[in-house]
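**Student:** Residues per chain are reported as follows:
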Amino acid sequence: MLTALLVMSGIALVLGAVLGFSAIKFRVEGNPLVDKIDAILPQIQCGQCGYPGCRPYAEAIAAGEADINRCPPGGEEGIRKLADLLGVEFKPFGGGTVQKPKAVAFIDENLCIGCTLCTQACPVDAIAGAAKQMHTIIAPVCTGCELCVAPCPVNCISMVVIEEKITTWKWKYPVYPLAPVK
Amino acid sequence: MRTLYQFHGGVHPPTNKTQSTRTPIAPAPLPGKLVIPFHQHVGNMARPLVKAGDRVLKGQLIGMPEDGVSSAVHASTSGTISSIGMEVVAHASGLPDLCAILIPDGKEEWVTHTGMDYRAAASADVRLALRLAGVVGLGGAVFPSDQKLRSGKHKIKSLVLNGAECEPYITCDDMLMRERATEIIRGAEIMRFMLDAEEVLIGIEDNKPEAIAAMRQAAAASDDKMEVIVVPTIYPSGGAKQLMRILTGIEVATGVRSTEKGLQCFNVATALGIYRALRFGEPMLSRIVTVTGNVRNAQNFEVLIGTPVNELVALADPLPDTNLYIMGGPMMGVPLPSAQVSVVKATNCIIAASDKLFPPPPPALPCIRCTRCADVCPADLQPQELFWFAQSKNFGKAQEYSLFDCIECGACNYVCPSHIPLVQYYRFAKSEIRALEHEQTAADLARERYEFRQSRIERDKQERAEKLAQKEMAARQPAATPEAAPDNSAQSHIQAAAERAREQAATARPKNIDALTPQQQAEIAEIEARRAKAREMAHPDAGRPKE
Amino acid sequence: MLISTFISKPDTVSAIMLRVLLALLPGIALYVWYYGPAILVSITLASITALATEAAMLRLRNRPLKPFLGDNSALVTAWLLALSIPPLAPWWLVVVGTAFAISVAKHLYGGLGNNPFNPSMIGYAVLIISFPSHMTHWLSPHGLGQTELGFADQLAFIFGGHLPSGIKLDAVTLATPLDTLKTQLQLDRPLKEILGMPIYGALAGKGSEVVALGYILGGVYLLFKRIITWHVPAAFLGTLFVTAGIFHLVDQAHYVAPLFHLTAGAAMLGAFFILTDPISGPTTPMGKLIFAAGAGFLTYVIRVFGGFPDGVAFATLLMNICVPLIDAHTQPPVFGKKDRGAK
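Chains as they are written, first to last, in the numbering used here: chain Z, 1 to 182; chain D, 183 to 729; chain P, 730 to 1072.
What the hints contain is simulated information worked out from the structure, not anything from laboratory work.
Misleading hints may appear alongside valid ones.
[Said to hold, decoys possible] Here are the computed lysine-lysine pairs in the BS3-like style, where the Cα-Cα straight-line distance is at most 27 Å:
hint: 1; chain 1: D; residue 1: Lys289; chain 2: Z; residue 2: Lys170
hint: 2; chain 1: Z; residue 1: Lys170; chain 2: D; residue 2: Lys575
hint: 3; chain 1: D; residue 1: Lys575; chain 2: Z; residue 2: Lys102
[Unchecked claim] In silico contact screen, one side only, chain P against chain D (beta carbon under 7 Å); selected entries:
hint: 4; residue: Asp740
hint: 5; residue: Pro845
hint: 6; residue: Ile858
hint: 7; residue: Ser859
hint: 8; residue: His863
hint: 9; residue: Thr865
hint: 10; residue: Ile1008
hint: 11; residue: Thr1012
No experiment lies behind these values; they were computed from the predicted model shown.
Beta carbons are placed, not taken as given, at the ideal position from N, Cα and C, and that holds for glycine.
Please model the complete structure; the sequences and the hints are all you need to start from.
**Tutor:** What follows is the structure, encoded as structure tokens:
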């Protein structure tokens, strides 16, 4: 009886020591969850989620303050990935967010007055131009967040939907001919 | 006797080649119009050099190769460019692409062209000449040939010339080898010289005895070490990797250049194109196209690039129940979106299809894991597993199981007893994965730029605070800086500018354009063009945005 | 446009399954020769039940009837199950087994192509666990029983449970050779004496050993038609032979010769028809070898040390569990990623 007790408590002590040691030795720095969430978010920085960028939204999700269905650019695929990562159920878009086709901003240079308000709004520095100089969008780096549209005092910025072309065309999922029949 | 090697799998579909080899290659007559796409090759689209209304000569450069992997585009005959715009092209998507429409004048007036001595010229100059002649691989991949003729750091042992032509129905290479063997061998000599290869191996399937005989005769007359090797008929022996395996026993893995293994492979028709481009300075203006299938007179034609498919097939007299045209063979071909699309450099065969010729498959049943697909896969894949992952959109797993090693040869489709469109699933998964990777790079770039901006703003704020503190220290005058006022003035400035802009927009027509010198007008036109280009960059396809 | 390849071999799932049924015919013919036509009644019953259950399940799952009822896969399940249970089994036993196999083991897992376990073996396992006594009444082979039943009497027993007056069930049935061997060995009778009993023939059970040869014939046909590959039969029979051989060499008094194990029970049916089921089996050549070798070993262990008379069914099901694991670890190298034949 006594030996059994001793053996058991001995094992408990050893295992406890191992656990304690590894907790210190293999400690993970920072909050990798935020990084993982941030890696899933599309980095459009559009703020449609109600947070001023993707990283703040990721932090809010990690802290449990925000829902996972607030990111329209990420698509349902994004929600699914977040649900997978966080071990929660998938849920459809909510909170008044709407999905739009991918687009880039376009500045009508005939109207632009060079006020720089849009360059200040752009989260990814995708607008080139100085004060009183004509501005233009650097299309390849524009994320289509639309944050520049509202500040423009002369309404010279419009969003142009990116249309499918041969180089970006994708093969469709084969429609399985065994559709359920009534 | 040379030892031949085998690749795993392969199938033996009915070849159906004799229909189109009964008559020699016939030149197709000049069509009513030519639709010449600027993107017929792998890589970047060629930049248009002509505009609507221009008169062009046969062989005139109309599309300049862009940087990197790209190739040139030429006017296939003399005539007038009637327009440059988006036309539906021979692509599975059915989407339009930039094309020049050329109305032939029937004079076939050549641009001045001369050949060059490839032995005397520098290798880079020869490659530039090929690039400007629009020479691309005619086996189907349309990869610019100049890129493949760089003699790099690896020693090339064998130059493989692909005359296997394993796909059913197609006979364009067969007929080309029968009729123009000497020119092909001349082209092979050029390639061997440029690559400094030790030997040239010409692989031809044993179902083309006439081509083998002709090529043997021509090869024997060459000074170079050339060998015509008869390979057994099995699909897909004409795949570059499969043929290299058969001839040399060397397997070139995905992501490895064949040159690293001392091999380089070209199609026989490409060899001919290279020869004509260097010997005579003739760019690639035409190619041999097999027109077969549901037609009365299946035959091979020498067709000008840009000839509309309907004008071409009319020469072979299609039967009335034809309901689809396929570009390529029945194993790997793509259905054409319409009969109005034009012949491009990749068009080796046009098959007129009907429900009788190619009966629609019965409805697909679930996979029963019978592994017939794995038994025939020439890339040693497990197609049933790839199908499983592609079907469930489990792309990570699909990549883990080497999805991108799939050459889309269709052998698995051919044998599947459940008639599952397997290749379709693989193509879907591949393009989804590519799109996802593209999105991921875009997101990474955006994150990087966003974070940089955040840190810059933070730094600016700090610097300003420091400066302010310094100023305050210097002045020792804690007088309240009028913060609100300048802000207000900035606001009113913007307001005023906005008003002005609105006026301008209302009377947007520029003034003083009546009495301009031509030079000024040209300047204005140039500026307008730049603006248009900016617009295009913002929105590369449709030109003008909706206001 | 959906089509990616415009031509295809005129091969269908339905034709493959039909060839499997064809391959079973020699075995069935010999079965009838030795045991009378009762087995045909079981097969018919099982077939009707299978098709009816299949149709009902397809309807419930909202799937089209025509392509799936025509694929013959339900018939293969039905025939294999009917051949695994005693021919004189009451009609409801066949019906319950088949219905369970088709509805639970096949359709609840997603129908054709999705069942992780061999449906007929699930049906067999359910029956032998639920109704063990009914599963032991095997007809005695031709010329061995005290009396023999006519076809009318067999029908009457299958559907009504009545035997002609004056005949007891024991008079027309026997335990299987494997079962007899096990019980007699437990009674400490010497092996030689047991094998001298009238139910034993040249290799194993009289009659059943010949039926096993019939299955081999069908198996060769399937190999020839490339419906199955050599891997599974060879690895299964080989492992069974070697395992039995080792035990036999160590102790000849208690462990029967390996050829006995190959021709007794469901070994041949399993080697050529049950373990070769592509849906519940592995796909890679190496995987097939591992899978079948495991099944051969387990079959021997269950037969000799387990509580059930035969081990093929449980060995199959146990190895079915391992299939995803086996497949994942036996992926052959892809083109260019191996050293083979190159100089």
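**Student:** Was the hint right that P/Ser859 lines chain D, CB cutoff 7 Å?
**Tutor:** Since the shortest Cβ distance to chain D is 29 Å, the answer is violated.
**Student:** Just to be careful: measuring from the Cβ of P/Asp740 to every Cβ in chain D, is the smallest value less than 7 Å?
**Tutor:** 5 Å, holds
**Student:** With chain D as the partner, please determine if P/Ile1008 meets the hint condition of a C-beta pair closer than 7 Å.
**Tutor:** For P/Ile1008, the interface hint holds, since the closest Cβ of chain D sits about 5 Å away, which is under 7 Å.
**Student:** Quick one, are D/Lys575 and Z/Lys102 close enough, alpha carbons at most 27 Å?
**Tutor:** Given pair D/Lys575, Z/Lys102 holds - Cα atoms ~22 Å apart, limit 27 Å.
**Student:** Against the 27 Å threshold, does the CA-CA distance of Z/Lys170 and D/Lys575 hold or violate the hint?
**Tutor:** It holds: about 14 Å lies between the C-alpha atoms, which stays within 27 Å.
**Student:** Mind checking the CB of P/Pro845 against every CB in chain D and telling me if the closest is under 7 Å?
**Tutor:** At 11 Å from the nearest chain D Cβ, P/Pro845 fails the 7 Å test, so the hint is violated.
**Student:** Using 7 Å as the Cβ threshold, decide whether P/Ile858 counts as touching chain D.
**Tutor:** Violated. Min distance 28 Å.
**Student:** Less than 7 Å between beta-carbons is the criterion; does P/His863 satisfy it with respect to chain D?
**Tutor:** Status violated, d = 32 Å.
**Student:** Hint validation: P/Thr1012 versus chain D, beta carbon distance must be below 7 Å. Holds or violated?
**Tutor:** 5 Å, holds
**Student:** Are D/Lys289 and Z/Lys170 close enough, with their CA atoms no more than 27 Å apart?
**Tutor:** With a Cα-Cα distance of about 42 Å, the restraint between D/Lys289 and Z/Lys170 is violated, given a limit of 27 Å.
**Student:** Restraint: P/Thr865 near chain D, CB-CB cut 7 Å. Satisfied or not?
**Tutor:** Hint violated; P/Thr865 Cβ to chain D Cβ min 34 Å, cut 7 Å.
Violated hints for the displayed structure, listed by number in ascending order: 1, 5, 6, 7, 8, 9.
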